[in-house]
Amino acid sequence: MKSPMPPRPLERLLEMLLGKGSGSRAILGDLREEFSVARAQGPVALAVVWYGVQVVVVGSRIGLGRLVHGWRDGEMMGSMLQDLRYGVRSLVGAPLFTAVAVVTLAIGVGATTAIYSVVHAVLLAPLPFAEPDRLVEIGINTGGPGWYGSSPAQFIDFQEQLETIESVGGYTTGLRTVGDSMRPRRVEVAFLTYSTWETLGVPPIRGRVFNEEEDQPSASPVVVLSEGFWRQAYGGDPNVIGRTLQANGTTATILGVMPGSFAFPEVGIAMWIPFRMNRETPTRGNHFVNVVARLSADRSIEEAHAEVSRSAGTAHASSRGVMR
Amino acid sequence: MAPGSFLGEFEHLVLLTVLQLGDEARALDIRAHLEGRAERSVSRGALYATLERLERKDLLTWVTEDATPERGGTSQRVISRLSAGLDEAIG
Numbered sequence: 002m003k004s005p006m007p008p009r010p011l012e013r014l015l016e017m018l019l020g021k022g023s024g025s026r027a028i029l030g031d032l033r034e035e036f037s038v039a040r041a042q043g044p045v046a047l048a049v050v051w052y053g054v055q056v057v058v059v060g061s062r063i064g065l066g067r068l069v070h071g072w073r074d075g076e077m078m079g080s081m082l083q084d085l086r087y088g089v090r091s092l093v094g095a096p097l098f099t100a101v102a103v104v105t106l107a108i109g110v111g112a113t114t115a116i117y118s119v120v121h122a123v124l125l126a127p128l129p130f131a132e133p134d135r136l137v138e139i140g141i142n143t144g145g146p147g148w149y150g151s152s153p154a155q156f157i158d159f160q161e162q163l164e165t166i167e168s169v170g171g172y173t174t175g176l177r178t179v180g181d182s183m184r185p186r187r188v189e190v191a192f193l194t195y196s197t198w199e200t201l202g203v204p205p206i207r208g209r210v211f212n213e214e215e216d217q218p219s220a221s222p223v224v225v226l227s228e229g230f231w232r233q234a235y236g237g238d239p240n241v242i243g244r245t246l247q248a249n250g251t252t253a254t255i256l257g258v259m260p261g262s263f264a265f266p267e268v269g270i271a272m273w274i275p276f277r278m279n280r281e282t283p284t285r286g287n288h289f290v291n292v293v294a295r296l297s298a299d300r301s302i303e304e305a306h307a308e309v310s311r312s313a314g315t316a317h318a319s320s321r322g323v324m325r
Numbered sequence: 201m202a203p204g205s206f207l208g209e210f211e212h213l214v215l216l217t218v219l220q221l222g223d224e225a226r227a228l229d230i231r232a233h234l235e236g237r238a239e240r241s242v243s244r245g246a247l248y249a250t251l252e253r254l255e256r257k258d259l260l261t262w263v264t265e266d267a268t269p270e271r272g273g274t275s276q277r278v279i280s281r282l283s284a285g286l287d288e289a290i291g
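Each protein sequence line maps, in turn, to chains A and B. According to the numbering used here, the first sequence is numbered sequentially starting from 2. According to the numbering used here, the second sequence is numbered sequentially starting from 201.
Wrong hints could be hidden among the right ones.
Said to hold, decoys possible - Calculated Cβ distances over 10 Å to all of chain A for the following chain B residues: (1) F206; (2) G208; (3) E209; (4) L216; (5) L219; (6) D223; (7) E224; (8) H233; (9) R237; (10) A238; (11) S241; (12) L282.
Stated by the list, open to error - What follows is a list of derived Cβ distance ranges for each label pair: (13) B:L282 to A:G109: 24 to 30 Å; (14) B:E235 to A:G66: 20 to 26 Å; (15) A:L97 to B:L282: 56 to 62 Å; (16) B:D266 to A:P8: 24 to 30 Å; (17) B:L282 to A:R9: 33 to 39 Å; (18) B:G273 to A:G20: 15 to 21 Å; (19) B:L282 to A:V54: 41 to 47 Å; (20) B:L282 to A:V38: 38 to 44 Å; (21) A:A41 to B:L282: 34 to 40 Å.
Said to hold, decoys possible - Far from chain B, some chain A residues (derived; all Cβ distances over 12 Å): (22) G30; (23) V45; (24) V93; (25) T174; (26) F263.
Simulated from the structure, these hints should not be mistaken for laboratory data. Each residue gets a CB set at the ideal place from its N, CA and C atoms; glycine is no exception.
Same shape as in the complex, but just chain B (with noise of 0.2 Å):
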C-alpha cells in the first residue's frame, strides 16, 4: 500500500466483501453483499469512488468482461483482490 495511506472503515468492509465473493465480484453484487451483510445502505456513488481508491491504493485489481445485451453493450468489471489487500483485509 502507498505509504502515509490507511484503509478506513468502509474500505476494509469492501475489501472483505471482494474477499468473501472470490474472485466473482462484480460491483453490483459487492453492494448487495454489502447492504445484506452489513445492515447499512451503501451509496452507489461511495461504493464505485471506493472501488477506484482501492485499486489506485494497489489493493484490487480488476479485469473487464465482454459487454453483453442485458447491459445495453457494455462491459463489465470483475473485481479481485491483490495479495496486497489481503494481507490488509486480515490485518
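This is chain A alone, in the form it adopts within the complex (with noise of 0.2 Å):
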C-alpha cells in the first residue's frame, strides 16, 4: 500500500531549503517516513501541522548550515574573487578602455549628484523657517511692469490693519565695511525690522536677536552674526556674545548668532541689523521695504490678497514664498 504524503507545497518548500544532492533527498525520505507515522497515529490536520515546522526547522537548520559552511570554505567567496580578479585584469589590459569607462562614471556621479542637490534644495527639502507653508510675500504693483517693495508708510500700515497676516517683517540689504582701519572686509547684511523675527519663528543658536526696542532709530547699534561669519571671523568663539565690531565705522554690539541654515533674505548674509525705520514721519513714495509675512493660522491666502488690496489701494500680495 502506497504510504502517505506530506502536502506537497510544504515538501518543494523543504526541497528549496535543502538544496539538491543524495544527503536532501535522504531528509526528504526520513520525514516523508515520519509522516506516515504521524497520520497513521492522529488527525491528519495536526500531522500537516507536524510537517510544517519540521520544514521551518529543518529547511532553516541545514539550508543556512550549509550556507555558512559554503562561505567559510571559500566556495562563494572563492568564486566572487574570481570574479574580481577577472574584472581587475581585463580593466588594466584595456587601459584606454578603462579611462573612458571611470570618466563617463565620474561626469555620470557628478551631474546625477548636481542635479539631485538642486531638485532637493528647492522642491524637496523645507524651507528652513517655522511653518514655511504661512509664509508670503507682499509685493507692490502700481499697474505698469514689475513688483515693487512697500514704502515705511504702507509697511506701517500693513503691521496696523492687515487682519489676515500674523506679523509682518520689512527688511532690505546692503553692504557693510567690517572691521578696523587696518583689516577691513565688505560684507553682504540685511536690515531687518525687529518683527521680522517673528515672521520667520527661527531661533538663533547663541545669544538673541534684537527686540521692539533696539530697532529703534536712537538706540545703540546692535548685531546679529550668521553662523559662517561667527566661524569665519571669531572661530567660532563661544564667549562672542556682548563684544563689539566695527560696521561702517560704527561700534555695534554682537547679541546672537543665526544658525548656518537660516539664509534669509539671500544666501551669503553675513549679519542682520535693526532696520530703525522711521515710524515718526514715514515717507509713502519710496518703495525700498521688502516686506514678508505670516499669514493667520484661520485664513487663506486669497482673503489676505484682497484685503492687501484694499489696504494699499494698487497693492497686491503675492505668494511668491521661495525664499531662501
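Can you join these two chains into the complex? Each is in its own frame, and there are hints to help.
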C-alpha cells in the first residue's frame, strides 16, 4: 500500500531550502516516513502542522548551515574573488577603455549629484523657517510692469491694519565695511525690522535677536551674526555674545548668532542689523521695504490678497514664498 | 579531523550512538536511540546539521540505500563511522 505523503507545497518548500543532493533526498525520505507514522497515529491536520514545523526547523537549519559552510570554505567567496580578479585584469589590460569608463562614470555621478542637490534644495527640502507654508511675500504693483517693495508708510499700514496677517516683517539688504582700518572687509548685510524675527520664527543658536527697543532709530547699534561669519571671523568663539565690532565706522554689540541654515533673504548674508524705520514721519513714495508676512492660521492667501489690495489701493499680496 | 576543530558534546553523543548502532545506523534510528538512551529531546534540524558537520570533519560517512515505496521513492542514508571517528569518540 502506498504511504500517505506530506502536502506537496510544503515538501517543495523543504526541497528548495535543502537544495539538491543525496543527503537532501534522504532527509526528505526520513520526514516522509515520519509523516506517514504521524498520519497513522493522529488526525491529518495535526500531521500536516507537524510537517510544516519540520519544514521550517530542518529547512532553515540545514539550508543556513550549508550556506555558512559554503562561505567559510570559500566556495562562494572563491568564486567572487575569481570574478573580481578577472575584472581587474580585464580593466588593466585595456587602459583606454578603463579611462573612458572611469571618466564617464565620474561625469555621470557628478551630474546626478548636482541635479539631485538642486532638486533637493528647490523642491524637496522644507524652507528653513517655521511653518513655511504660511509665509508670503507682499509686493506692490502700481499698474505697470514689475513688483516693488512697500514704502515705510505702507509697511506700517500693513502692520497696523491687516487682520489676515499674523505678523509682518520688513527688510532690505546692503553692504557694510566690517573691521578697523587695518583689516577691513566688505560683507553683505540685511536690515530687518524686529518683527521679521517673529514672522520667520527661527531661533538663534547663540544669544538672542534684537527686540523692538533695539530697532528704534535712537537705540545703540546691535547686530546678529550668521553662523558662517561667526566661525570665519571669530573662529566660532562661544564668548562672542556681548563683544563689539566695527561696521561702517560704528561700534555695534553682537547679540546673537543665527544657524547656518538661516539664509535670509539670500545666501551669503553675514549679519542682520536693525532696520530702525522712522515711524514718526514715514515716507510714502519710496518703495524700498521688502515685506515678508505670516498668514494667520485660519486665513487663506485669497483673503490676504483682497485685504492687502484694499489696504494699499494698488498693492497686491503675492504668494511668492520661495525665500531661501 | 580538520585542524582547529573540536568535538562538541552533541557531536560526541551522535558519534557514540553511531558506534553503538554499528554499520546499520540511519538518521531516524540515531534520533530514537539518542532520545531513549540519553534522555534528551533531539531536534531533527540539529541532528541532520550535526551529521553533516561530522561528515565534513571526516568522522562519519554514509552510503545511500535504494529507494523504497514506504519513503515515497526516496533513498535512505546508512551512516557509519570512519576509523578516525572511532578514535575521536573513545578519546
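Hints, one by one, checked against the model:
No Cβ of chain A approaches the Cβ of B:F206 within 10 Å, the least distance being about 16 Å, so the stated non-interface status holds. At the 10 Å boundary, the C-beta of B:G208 stays outside the reach of chain A, the nearest C-beta of that chain being 14 Å off. Its beta-carbon lying about 18 Å from the closest one in chain A, B:E209 satisfies the requirement of being farther than 10 Å from that chain. Interface exclusion of B:L216 from chain A stands, the closest Cβ pair being 21 Å apart, more than 10 Å.
Chain A leaves B:L219 outside its interface by the beta-carbon criterion, the shortest separation being 20 Å against a cut-off of 10 Å. No Cβ of chain A comes within 10 Å of the Cβ of B:D223; the nearest lies about 16 Å off, and the non-interface call holds. Annotated as non-interface, B:E224 keeps its C-beta farther than 10 Å from every C-beta of chain A; the closest such distance is 15 Å. Taking the minimum C-beta to C-beta distance to chain A, about 14 Å, the non-interface status of B:H233 holds against the 10 Å cut.
The Cβ of B:R237 lies farther than 10 Å from every Cβ of chain A, with a closest approach of about 19 Å, so its non-interface assignment holds. With a minimum CB-CB distance of about 19 Å to chain A, B:A238 clears the 10 Å threshold, and the non-interface call stands. At roughly 12 Å, the least C-beta separation between B:S241 and chain A is larger than 10 Å, which holds for a residue marked as non-interface. Distance to chain A confirms B:L282 as a non-interface residue, since its nearest Cβ pair spans about 17 Å, more than 10 Å.
Checked against the hint of 24 to 30 Å, the C-beta distance between B:L282 and A:G109 comes to roughly 58 Å, which is inconsistent with it. Taken as a hint, the range 20 to 26 Å holds for the pair B:E235 and A:G66, whose Cβ atoms sit roughly 21 Å apart. Between A:L97 and B:L282 the beta carbon distance is about 57 Å. The supplied range of 56 to 62 Å therefore holds. Under the hint 24 to 30 Å, the C-beta atoms of B:D266 and A:P8, about 26 Å apart, fit the expected range.
Checked against the given bound of 33 to 39 Å, the beta carbons of B:L282 and A:R9, roughly 37 Å apart, stay inside it. Range check, B:G273 to A:G20: Cβ separation about 19 Å, and the 15 to 21 Å hint holds. One distance hint, 41 to 47 Å for the beta-carbon pair B:L282 and A:V54, is violated here, with the actual separation near 33 Å. Look at B:L282 against A:V38: about 31 Å separates their beta carbons, and that is not inside 38 to 44 Å.
Against the hinted window of 34 to 40 Å, the Cβ-Cβ separation of A:A41 and B:L282 comes to about 36 Å, which satisfies the hint. Distance check for A:G30 against chain B: the nearest CB is about 3 Å away, which does not clear 12 Å, and the non-interface claim fails. No beta-carbon of chain B comes within 12 Å of the beta-carbon of A:V45; the shortest separation is about 17 Å. Residue placement check: A:V93 keeps its beta carbon more than 12 Å from all beta carbons of chain B (closest about 36 Å).
Look at A:T174: its CB is around 73 Å from the nearest CB on chain B, clear of 12 Å, so calling it non-interface holds up. No Cβ of chain B comes within 12 Å of the Cβ of A:F263; the nearest lies about 60 Å off, and the non-interface call holds.
Violation of the numbered hints given earlier is confined to hints 13, 19, 20 and 22; the remaining hints are satisfied by the structure.
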